[in-house]
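Colleague: Chain by chain, the residues:
2 protein chains.
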Amino acid sequence: MAIPVETFHLSATSQGTLQARIQQMVAEGILAGRFRPGEKLPSTRGLAHHLGVSRITVTLAYTELLANDYLTSRGRSGYFVSENAPEPPDFGPLAPRRDQVDWDAAFAQRFSNGANLGMNKPLDWARFRFPFIYGQADPKLFDHANWRLCATQALGARDFMALTQDQYDQDDAELATFIARHTLPRRGIQAAPDEILITLGAQNALWLAAQILASRGRRVAIENPCYPALREILRQGGAQVTPVDVDQEGLPPDAVPRDTQVIFTTPSHQCPTSATLPRARREALLKRASQINALIVEDDYEFEMSFLKPPSPALKSLDEEGRVIYVGSFSKSLFPGLRLGYLVGSAPFIREARALRASMLRHPPGHVQRTAAYYLSLGHYDAQVRRMGRALGDRRKIMERAIAAHGLEIAGKGAHGGSSIWMQAPEGVDSRALAAQLHQDSVLIEPGTPFFAQNAPPTRFYRLGYSSIPSERIEEGIALIAAALAQGPQGG
Amino acid sequence: MAIPVETFHLSATSQGTLQARIQQMVAEGILAGRFRPGEKLPSTRGLAHHLGVSRITVTLAYTELLANDYLTSRGRSGYFVSENAPEPPDFGPLAPRRDQVDWDAAFAQRFSNGANLGMNKPLDWARFRFPFIYGQADPKLFDHANWRLCATQALGARDFMALTQDQYDQDDAELATFIARHTLPRRGIQAAPDEILITLGAQNALWLAAQILASRGRRVAIENPCYPALREILRQGGAQVTPVDVDQEGLPPDAVPRDTQVIFTTPSHQCPTSATLPRARREALLKRASQINALIVEDDYEFEMSFLKPPSPALKSLDEEGRVIYVGSFSKSLFPGLRLGYLVGSAPFIREARALRASMLRHPPGHVQRTAAYYLSLGHYDAQVRRMGRALGDRRKIMERAIAAHGLEIAGKGAHGGSSIWMQAPEGVDSRALAAQLHQDSVLIEPGTPFFAQNAPPTRFYRLGYSSIPSERIEEGIALIAAALAQGPQGG
Numbered sequence: 001m002a003i004p005v006e007t008f009h010l011s012a013t014s015q016g017t018l019q020a021r022i023q024q025m026v027a028e029g030i031l032a033g034r035f036r037p038g039e040k041l042p043s044t045r046g047l048a049h050h051l052g053v054s055r056i057t058v059t060l061a062y063t064e065l066l067a068n069d070y071l072t073s074r075g076r077s078g079y080f081v082s083e084n085a086p087e088p089p090d091f092g093p094l095a096p097r098r099d100q101v102d103w104d105a106a107f108a109q110r111f112s113n114g115a116n117l118g119m120n121k122p123l124d125w126a127r128f129r130f131p132f133i134y135g136q137a138d139p140k141l142f143d144h145a146n147w148r149l150c151a152t153q154a155l156g157a158r159d160f161m162a163l164t165q166d167q168y169d170q171d172d173a174e175l176a177t178f179i180a181r182h183t184l185p186r187r188g189i190q191a192a193p194d195e196i197l198i199t200l201g202a203q204n205a206l207w208l209a210a211q212i213l214a215s216r217g218r219r220v221a222i223e224n225p226c227y228p229a230l231r232e233i234l235r236q237g238g239a240q241v242t243p244v245d246v247d248q249e250g251l252p253p254d255a256v257p258r259d260t261q262v263i264f265t266t267p268s269h270q271c272p273t274s275a276t277l278p279r280a281r282r283e284a285l286l287k288r289a290s291q292i293n294a295l296i297v298e299d300d301y302e303f304e305m306s307f308l309k310p311p312s313p314a315l316k317s318l319d320e321e322g323r324v325i326y327v328g329s330f331s332k333s334l335f336p337g338l339r340l341g342y343l344v345g346s347a348p349f350i351r352e353a354r355a356l357r358a359s360m361l362r363h364p365p366g367h368v369q370r371t372a373a374y375y376l377s378l379g380h381y382d383a384q385v386r387r388m389g390r391a392l393g394d395r396r397k398i399m400e401r402a403i404a405a406h407g408l409e410i411a412g413k414g415a416h417g418g419s420s421i422w423m424q425a426p427e428g429v430d431s432r433a434l435a436a437q438l439h440q441d442s443v444l445i446e447p448g449t450p451f452f453a454q455n456a457p458p459t460r461f462y463r464l465g466y467s468s469i470p471s472e473r474i475e476e477g478i479a480l481i482a483a484a485l486a487q488g489p490q491g492g
Numbered sequence: 001m002a003i004p005v006e007t008f009h010l011s012a013t014s015q016g017t018l019q020a021r022i023q024q025m026v027a028e029g030i031l032a033g034r035f036r037p038g039e040k041l042p043s044t045r046g047l048a049h050h051l052g053v054s055r056i057t058v059t060l061a062y063t064e065l066l067a068n069d070y071l072t073s074r075g076r077s078g079y080f081v082s083e084n085a086p087e088p089p090d091f092g093p094l095a096p097r098r099d100q101v102d103w104d105a106a107f108a109q110r111f112s113n114g115a116n117l118g119m120n121k122p123l124d125w126a127r128f129r130f131p132f133i134y135g136q137a138d139p140k141l142f143d144h145a146n147w148r149l150c151a152t153q154a155l156g157a158r159d160f161m162a163l164t165q166d167q168y169d170q171d172d173a174e175l176a177t178f179i180a181r182h183t184l185p186r187r188g189i190q191a192a193p194d195e196i197l198i199t200l201g202a203q204n205a206l207w208l209a210a211q212i213l214a215s216r217g218r219r220v221a222i223e224n225p226c227y228p229a230l231r232e233i234l235r236q237g238g239a240q241v242t243p244v245d246v247d248q249e250g251l252p253p254d255a256v257p258r259d260t261q262v263i264f265t266t267p268s269h270q271c272p273t274s275a276t277l278p279r280a281r282r283e284a285l286l287k288r289a290s291q292i293n294a295l296i297v298e299d300d301y302e303f304e305m306s307f308l309k310p311p312s313p314a315l316k317s318l319d320e321e322g323r324v325i326y327v328g329s330f331s332k333s334l335f336p337g338l339r340l341g342y343l344v345g346s347a348p349f350i351r352e353a354r355a356l357r358a359s360m361l362r363h364p365p366g367h368v369q370r371t372a373a374y375y376l377s378l379g380h381y382d383a384q385v386r387r388m389g390r391a392l393g394d395r396r397k398i399m400e401r402a403i404a405a406h407g408l409e410i411a412g413k414g415a416h417g418g419s420s421i422w423m424q425a426p427e428g429v430d431s432r433a434l435a436a437q438l439h440q441d442s443v444l445i446e447p448g449t450p451f452f453a454q455n456a457p458p459t460r461f462y463r464l465g466y467s468s469i470p471s472e473r474i475e476e477g478i479a480l481i482a483a484a485l486a487q488g489p490q491g492g
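Keeping their order, the protein sequence lines are chains Y and G. Residue numbering for the first sequence follows full-length UniProt numbering, beginning at 1 and increasing consecutively. Residue numbering for the second sequence follows full-length UniProt numbering, beginning at 1 and increasing consecutively.
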């Protein structure tokens, strides 16, 4: 039986080359049981005509399907679905399902009822004309071509084991070595191999540190305002959390309560205010931790984005007593979808973190680690950080000029750089309402409310990221924010 | 100042093309501060001669370094380290460190003191001549070329967002859709998008399910013997675990204690005995779970490796009451370094799993998910499963013949296929000693002891995987095992 050519439609949403899409269309028809073994496919000419593509494209797709044993060819009589093609199993009709489970009783722990983790952030930010979004990659700044080359290299036969092997609890040796020899020394940190662990992004690093050191009733100090996902991690783990208000220089060491066991801090660029902890405060914070016998988890957040002044040395580099657990990430300087970060700390801590990581996921995918190792060791990473620094420096100047020109108010911006400015709207404005209103003008801003620990958080703050907005749109975007504020009211 | 050509050495361990290695050597010298801005590099001719490579290779490496602003060229006078090249920071001498932390007191939870998670498995298994190892990829069976094509496609400009974007708590839509439409129906499972979650491998799926349903004192039944990493996950989470002895047909439903709240089971191929749960037992197990109001976590382990008989329908496909949480994985059929798996369950459960995954790691790396989506949708995955099934079927025949010929004893092998045979040595043999002895003959076997829950586990069992050993070596490898056993003693 011949399969009528009319049954073939290229899906509008499918991606890849035309050849790949044709191949996919045929394979899916077979896998779904719509095309059965022995059935004849349309001729290459007929299908090409029907789809409006060249005949060679269809021929190449058919050839690939032949090689994979989906199709067979019988000389001049054409192409047929292979007898060896996979058949969808016939298990009969599905069992009708009426959920009989009392899920509330079934859950030993719940995780979904906390803060929203910023998870209501828009995934379609790239459609906005003025995306003052924070923490996404800019296609114009990321060195996609060299990343692709490194990824292709890491797909080669030489790296077959790095790609495919179950590494159990181990890291990619090339990446770990590069971080130890080159990345950490640039933060003034010297660490042995058993003091480093690769993680699934900084989020995973913070999570691991929190489980091991700051769960089950431990008394923990965090910054206020603070990265909301960290508060959620600590809540889930059952820590007793004390928020400590930050000022223009970040976390004030004296304000950390005496009975604190673990301090979470973001010295490079405080999240979200961008304040950089001055050297004197870094030393005071270490001293305070020593006095009260607390540990410090240092999220060395955006240190590479110090384009105005050189970065301060990491807290960890000043740590004489092994009290600091260091969290690093490639999400901001490479891209967040990469999901690569690392933990640095004393060997006993890393041993626990490695065991927990092994239990929860074994190890980050080998190919991702090896690609990053190549990208770093070939110098592309540093080149990119410098390129981003220059671009962000330019954008920041334009931001500051536009903000001043339109009379908006900066609440915090840090002295070293970063990729965002922390803003405050006039008293009485709710930045969530402001953000909703600006949506209509294709302007994306981030309301500041989720960063605060309080039950009745201040509502006037908002964050303007400039890591994804083109320079030439900044002025107009800021003008629209000013116009929306002038128009008012955005009362909460 | 000129940098003497003698300072340049291509590292013997570095990988990649010659050009890449030269580029890496220069970039690393600059990043490490050994080469300073303004210093002159050797001529391309001089460096080429020194390294014994062609001049064009050096020229291409220098050109790339120029583009990345590590080097500048001054017409005919040659190449210099760029003034814009990154400089290593000078933070002065490192703080001397004497660890002052009482780590035992600092840990809120410990994770490293449990079973070894099989983490003492050899990472250098590929050097063994007779690797009867389980769960690693075989370079000869994996379709590396098409994987590379799909990965390259997923690195393209069209997929830039899928690669780079922070997806917050979301999955790759292409992969999730393919699993829902094509993978699950082949197991008789119909699931809506909010009933599926992509995970970092099956390990991560089991871990998530355990935290949500089987932690904090919950009464849990597991199979005995059983995947050791699952026992460790349950121990870490604080479950009350009852091991239930399996027989030649897997888990006997009637032996599950009345007060069990969650049952973990591996119906497709029991781990490690390879037994397949017969259809009647599947129905009985569901009935038992319904009677005692328990949930079931089904690790649908190696279902694709059913090359002897068609796979039985998944427990989940027979589940009328929403009691079954289904764990799927691509680790065995693609490769374990990929770290991709998935959870299927009722929407309230998936909501919790998604929240916990977001908190611990956000989402699996975008590129890995998208590459798998292409590989699956182009039909390569099914082609590979069939190819592997044929090869494993052949190897299994050779295994069984050799085992019979040399008088070794099979303890369990299952009727459907799989990629290993569960063996028992004569009474009194300790398979750990046997494995150690066989190391010297370049034979790798897996002692069975870690699979057992008991404090004094049986020691005579061992597992022979045949997913990575070439057919032509099987006979000789089995002969060596028989010889070692004949030689004895390997008493414990």
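Don't take every hint at face value.
Some chain Y residues judged to face chain G by a derived CB distance under 7 Å, without partners named [stated by the list, open to error]: (1) 5; (2) 25; (3) 112; (4) 366; (5) 379; (6) 383.
Just a sample of chain Y residues kept apart from chain G, beta carbon distances all over 12 Å, derived [unchecked claim]: (7) 200; (8) 229; (9) 243; (10) 255; (11) 294; (12) 308.
Worth flagging that the hints you see were computed from the coordinates, not collected in a lab. These figures come from a predicted structure and were not determined experimentally. No residue lacks a Cβ here, since even glycine has one placed at the ideal position from N, Cα and C.
Colleague: Hints first: check each against the structure and report whether it holds.
Modeller: Tested hints:
no.	hint	in the structure
1	5	violated, 20 Å
2	25	violated, 9 Å
3	112	holds, 4 Å
4	366	holds, 4 Å
5	379	holds, 3 Å
6	383	holds, 4 Å
7	200	violated, 4 Å
8	229	violated, 7 Å
9	243	holds, 19 Å
10	255	holds, 22 Å
11	294	violated, 10 Å
12	308	holds, 15 Å
The earlier numbered hints that this structure contradicts are 1, 2, 7, 8, 11.
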